[in-house]
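Can you make the complete structure from the sequences, with help from the hints?
Each chain is listed here by its residues.
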Amino acid sequence: MSDNKALVPSHERGAALDLRGDTKDFVTAYIGKQLFGIPVLTVQDVLGPQRITRIPLAPPEVAGSLNLRGRIVTAIDVRKRLGLRDKEDEDPGMSIVVDQGGELYSLMVDQVGEVLSVPRKAFEQNPATLDARWREFSDGIFRLDKKLLVILDVTRLLDFNAAVKQAV
Amino acid sequence: MDDLLSEFLTETSESLSTLDVELVKLEQNPNDPDILSNIFRLVHTIKGTCGFLGLPRLEAVAHAGENVLGKIRDGELIVTPPAVTLVLESIDTIKYLLGELEQNEAEPDGNDADLIARLNHFADTGTIMGGDAAPAAAVEEAPADDAPEMTDDERLQAIFDATEVDPEVAEPEAPAAAPPAAAKSQEVAPAKPAKAAGPKAEAPRAEVKESSVAAQTIRVNVELLENLMTLVSELVLTRNQLLQMVRGKDDSEFTVPLQRLSHITTDLQEGVMKTRMQPIGNAWAKLPRIVRDLALEMNKKIDLQMIGADTELDRQVLELIKDPLTHMVRNSADHGLEDIPGRREVGKPETGTVTLNAYHEGGHIIIEISDDGRGLNLERIKAKAITNGLATESELESMGDQQIQQFIFKAGFSTAEKVTSVSGRGVGMDVVRTNIEKIGGTVELKSVEGRGSTFIIKIPLTLAIVSALIVESGGERFAIPQISVLELVRASNNSEHSIERIHDTPVLRLRNRLLPLVTLKKILGLDTTEEADDGVDEEAFIVVAQVGTYSFGIIVDRVFDTEEIVVKPVAPILRDLSLFSGNTILGDGSVIMILDPNGIANRTGEITVGDSQGVEGKAKADASDGETTSMLVFRAGGNEVRAVPLALVARLEEIDVENIEHSNGRPLVQYRGKLMPLVFIDGGYQMKTEGRQPTLVFQDRERTMGLVVDEIVDIVDDVLNVELTADQDGLVGSAVIDGKATDLIDAGYYLELAFSDWFGTEENGGEKKRVLLIDDSPFFRNLLTPMLSVAGFRVTALENAEQAMELKNRGEVFDAIISDIEMPGMNGFEFAEALQNDELWGETPIIALSSHTKDEDFERGRQVGFSDYVAKFDRDALVSTLIQTLSTI
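In order, the protein sequences belong to chains A and B. First residue of the first sequence: 1488, per the numbering used here; consecutive thereafter. First residue of the second sequence: 862, per the numbering used here; consecutive thereafter.
Everything hinted at is true.
25 Å max Cα-Cα, derived SDA-like pairs, lysine to any residue:
1) B:K1429 - A:R1558
2) B:K1319 - B:S1439
3) A:K1574 - B:G1336
4) B:K1429 - A:F1647
5) B:K1429 - A:E1548
6) B:K1245 - B:N1296
7) B:K1429 - A:L1534
8) A:K1567 - B:P1433
Among chain B residues calculated to face chain A with C-beta under 7 Å, some are:
9) T1091
10) S1094
11) E1095
12) E1337
13) G1386
14) L1387
15) A1432
16) N1444
17) I1446
18) G1450
19) V1452
Chain A is nowhere near these chain B residues, computed Cβ spacing over 12 Å in every case:
20) N972
21) I1168
22) F1541
23) R1564
24) E1667
By construction, these hints were calculated from the structure, which means they are not laboratory data. Every residue gets a Cβ at the ideal spot worked out from N, C-alpha and C, and that includes glycine.
Right, dumping it as structure tokens:
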């Protein structure tokens, strides 16, 4: 069940971001105006608005849990996780479901875009001046034509233990 | 075919194929202890099982093989290719015998004396006996040493008798269960030459076919079943949606097919569920027989009690605990229970009892295996631990009994004096523990020497299906495992049950008991409104839950029905939420959290009391016929709980910190038109800087005093037993209240602290009256001493009249004596009589204190010289009588 991805320590993930081949495929998503990318192979599903059960006493970033074809999926509010303000409009948003160590997580974003193939030569390391929390969750940046694509490190994004330490 | 036998065959043929592979591996890595112990365990299991099934020939071969392996494991023999060949040969023989068994449901005639002899020879000398030459000599040798079961004819006969019954019973079913004809014909050929019991292992034996019984069952990956179940749940949901759509349209053409779909779905669901769940009784099925045979063999009388056989268990879990369970029952029966003369000697009934008890508790399945046998012999364990180099003598010195007992879970540890065919080789408990820990369970051990041992296996419920009550609180639904729900109570102001409050803590009167309540909304942090309490008062549903022996009520908004749910573990990031034991998907497709009553109980500050402790507690309560006392339990300065007899406390108040004033550097408040001094539990106590501070108000006539505390915890009725007397100012001592060590505060000390000036003036003005208090109950001494001190007396409290006589002889003088009547040793009447004509104490008034206040008691009291008589519980009367008596002098 546990795939090897999960076994790679998160701090090596950046280096492990497979940059072989000429292009890389990412599922893109918008939060506010920022474009994010998640490696296409880690993505299980893309969901529309779902009925989410709140989990009392859970960390605030955990929006709740939902039923995806008989499996329980934990919904993560990526906005909160990235330290962004709550969305102002009433748009229910969308979710990207990823598998992390055999568990499914649904990453709630504002909108899911297309799958992009980006040339590897457009890759850049995180700028040193990036907000610490973002730097923590980002694997690097791709320069696109008009936008910058921030690659989310799903393992770190879901590592709440580290987050607790950070918060303290 | 006999269920047991076919199961044995399936199991053993699996073990054997593993064995082949492992043995070859061992040949390549002769020094790998893991492979070796794995092989050893497999052979051990085969041997053990066939012993109980009454298969002496198989058992003899396995036993001899195991001997060799045991020696290799202990390093006495080294692994060489011929040695492995020899062991493999014994495995082949086992395979052959199994093939025969499958055909004929009985072992073939003849024996394997030659092979056994060679195995034993190897075990004893470390050399391989030369081929065919030795058997003749060895045949005689073999039965003599390591295979006692071959010689003991009576015992053998008993085993045969025992086994014969079953094939007969099973006969009518045989055709249905018979293996396919093809398999049969293949088996016949090799079987014939084998019956001659030739000295060598014939070649055909090695070719024994894959067991055809094994082919009747398929092992399916659990993950596959899991996926199937998920799919079926989805199917159910879809069906439900469809049904919803068609409902109300009577003439729909879909109605009939949909109904069929519905039925099939339900059946399918049940079927898939069944593939996973099994009652634990399945794993127990072969135990009665094992125990019975064992009893015969060991000359014991054993009663096997099985409780909770229908407790459902995930199949996977069940598989894994089956062997450990068998092992442990066998251990209990073999090592634990004494034989008949042994039991008679120690005055126990001849029949020993082994009890198996399975039940669900707080998200776990608990299996208890207990016997009323001899218990673990600590000395022998210690000795063995030293011989095995597991611990040094000094280390053992510092260990508790419990820790020493844990040694039995170490590999190679057996305290059985002799190695029997049943057990005693030191495999066993370590395997048991390994297997149970593999599935995330724990084994606990409790043993009292001479009274028996209890093993408690706790297995998590992660995969099990439970019935749960669905409730709603704060707009969310939650499941509470039905197993911990005792009852439901609907409380409202105008019904029989209504929620009352002690200091804002809601409680419920339920059948003459006070039930503590928790509001689910509050502990889950779903309570957003400030005035939610008012809503609760009007009408509420209370789920009465029980954890161990502690029961409490959970206030919820609504109660739905019960539903069978599949407990799924929560995501790792939510694991530390102790209030939930898992989550699940309901029939309507929504996800809900499953509450863990254990966690809630912990959250409310109640330390979870295990079942056994509960029993002890009950026993304690039964044993002590003593009066219980209401104690007010509170916290002040630090985490430890303190208590004071409730009778001494006049009122409980909450004082707003803002209202605290200071006079002469001392804090006080205006209270009921007067100034009330406040005292703290100790000098270093820090008051809150804002908000309200709970305060215990003590009152004595016109004076009141407030003791500032952090929190009022509870009011407990318990038998008061002061166990430690503290030298510290302000403490009477420590007592166990409600199962917890609690400091008892000395109210008198704090009263003096508050009114030192008042007491001071009196002390300056005149000598305090000296009062001698004699009571055998420490509680009354502790209750009355501070009370009388407050009333201005100097009190000397004694336990019995003898001590009082000693004081008298030392020339001490008192102004008055208060004495209990019923006391051990010299009672109150005798004491008074003894004093009547005493020159020193003869004039001292004696007030009798008793719970009996009948007229003839009064009369008798007056005759022996008591000046007055006061009922024990009437403290006001005591003080006024005392004052009156003293003033008349």
